[in-house]
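Each chain, letter by letter, is given below.
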Amino acid sequence: MNRLGVRIVAPVAVGILFIALWQLGVWLSGVKPYVLPGPIDVAQSLWTDGSGLLVSLWFTLKVTLVALAAAVLFGGLIAILFSLSRLVEISFFPYVVILQVTPLVAIAPLIIIWIHTPFIALLVCAWIIAFFPIVANTTVGLNSADRNLVALFRLYGASTWQVLCHLRMPTALPYFLTGLRISGGLSLIGAVAAEFVAGTGGEETGLAYRILESEYRLMIPRLFAALILLSLTGIVIYLVTDFISRLVLRHWHESAETGEEE
Amino acid sequence: MPAAVGAADTSPLPIVELRGVSKRFANGLEALAGIDLTVKRGEFLSLLGPSGCGKSTLLRIVAGLVPPTGGTCQLSMGGQTGRRAASGRVGFVFQDPTLMPWSTVSNNVLLPFRIVGRLGAKERERAASAISAVGLCGFEQAYPRELSGGMRMRVSIARALVTDPDLLLLDEPFAALDEITRLALNDDLLRLWEERRPTILFVTHSVFESVYLSTRIAVMTARPGRISADLPVALPQPRARATRSSPDYVAMCDRVSAELGIAMGER
Chain A
272 MNRLGVRIVA PVAVGILFIA LWQLGVWLSG VKPYVLPGPI DVAQSLWTDG SGLLVSLWFT
332 LKVTLVALAA AVLFGGLIAI LFSLSRLVEI SFFPYVVILQ VTPLVAIAPL IIIWIHTPFI
392 ALLVCAWIIA FFPIVANTTV GLNSADRNLV ALFRLYGAST WQVLCHLRMP TALPYFLTGL
452 RISGGLSLIG AVAAEFVAGT GGEETGLAYR ILESEYRLMI PRLFAALILL SLTGIVIYLV
512 TDFISRLVLR HWHESAETGE EE
Chain B
9 MPAAVGAADT SPLPIVELRG VSKRFANGLE ALAGIDLTVK RGEFLSLLGP SGCGKSTLLR
69 IVAGLVPPTG GTCQLSMGGQ TGRRAASGRV GFVFQDPTLM PWSTVSNNVL LPFRIVGRLG
129 AKERERAASA ISAVGLCGFE QAYPRELSGG MRMRVSIARA LVTDPDLLLL DEPFAALDEI
189 TRLALNDDLL RLWEERRPTI LFVTHSVFES VYLSTRIAVM TARPGRISAD LPVALPQPRA
249 RATRSSPDYV AMCDRVSAEL GIAMGER
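Chains as they are written, first to last, in our numbering: chain A, 272 to 533; chain B, 9 to 275.
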């Protein structure tokens, strides 16, 4: 078996072993399903409540992806503004940090009071925690351009705009992609955390609300099912952003080395 | 003076004229003081000196990348004088290859044309010719990380040559390379200079390299940087491996070493 095969088979084997031990533990201890359901209970719940949960998953996913897109767009733009003017960076960066270090759960109630559409309110919450890694990483990247290359661009008469497009932006790409990978997970966390605070019922509800609802009704297998869907979503987001990162950097950046070949 | 000057000397003005150039950095360090230097068209002039003597700073002043704090630096190329004359007529090679890792060899070499917005068939042809001139045919689509240190430096030289500059500035380009690669690149540089005859201003701290390559050597002292000796190198052209073992070469190296010793304060 090749090394890639081992990398897939080994963690899967650990997972199967864990699930088997979990089921065995539940059987042997006789613990009630409303305290700790076994994997079979969870699977049943996933099967019966699946369609309802998927609708909620879709809602959470929409919030997550739109927030991530907004974080990429505004985070990138803010980073470019910072890189163009040291004064702007010095003036505004502390406020970006304040926005980042203030716990989301503390400001989410305010946002939910101010913004009446639940979707938009959740979006803003998710965006607030997703955009910082992109701003911070991209700003460092834009400022990391090789000084001699900057000199060379100036020697050939390049404009600030050309230096930005042909030198600073490509230099910042690996940094930006690192930010993206972090922000992908954070926007999901933001979307879920904000919904916990909002606790919105209404027509459109996300997975967080499903978890709260299952807890109130002691439908713990369904709670677990929702949790599993959330984890899977997070894993998929990570894998996709990681794949994009490797694809974009495959020719030139050391981080894209797989270590499998050669 | 037997210094071989082959380029058509159309302008009566020297290609580079430094008068009383001094440079003091913001931290108070006096890098250069009262530099007077005239570079003639087609010359291969080496700036030789110990580390920290301001040779690189001097080269950057000539390139217009650093303003001098005193004196003037006048460039005359293509019938024009001043900073405007320099645009597109000066090539610069740094100590590191300074390539864009995200671009192929071909795109790195095309950079000067991309900046001025000219990327036609003619420019691509010139890039191909510059790449072949440094012996990198077949590597056009390679990325810098796939190349060895010597090959990356060749790309850097091709990029500096692609605009067919009148003035080529090289800042210790081979200092980070191993001896074998360095000797090979020395010969390549000489061949390119003989073929295209740009004026070359070459910064180095190697006596042997400066004598082998140059038609003239300016020896510099450190802190502040001054020119302490200006020596023509009267070795026959073209130079080849055999030059390195000729008695004249050895004698010249001795003489330059002695001047360098004086410059460094070892009397």
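Because the hints were derived from the structure by calculation, they are not lab data. From a predicted model like this one, the values you see are computed outputs, not experimental measurements. A couple of the hints might just be wrong.
Chain B residues, not near chain A, derived (Cβ > 10 Å throughout) [what the hints assert, rightly or not]:
id	residue
1	45
2	68
3	71
4	109
5	152
Derived list of chain B stretches under chain A, where covered just means 3 residues or more per stretch with a C-beta under 8 Å from a C-beta of chain A [claimed, not checked]:
id	region
6	30-38
7	213-225
Taking CB as the label site, the calculated pair distances span [said to hold, decoys possible]:
id	chain 1	residue 1	chain 2	residue 2	range
8	A	364	B	129	52 to 60 Å
9	A	503	B	124	49 to 57 Å
10	A	431	B	143	31 to 39 Å
Built from N, CA and C at the ideal position, the CB exists for glycine as well.
We went through each hint and held it up to the structure:
1. 45: The assertion about residue 45 of chain B holds, with a minimum of 20 Å to chain A.
2. 68: violated (8 Å)
3. 71: violated (6 Å)
4. 109: violated (4 Å)
5. 152: violated (7 Å)
6. 30-38: violated (count 0)
7. 213-225: violated (count 0)
8. A/364 with B/129: 52 to 60 Å: Violated, since residue 364 of chain A and residue 129 of chain B (Cβ atoms, about 47 Å apart) do not stay within the stated range.
9. A/503 with B/124: 49 to 57 Å: holds (52 Å)
10. A/431 with B/143: 31 to 39 Å: holds (36 Å)
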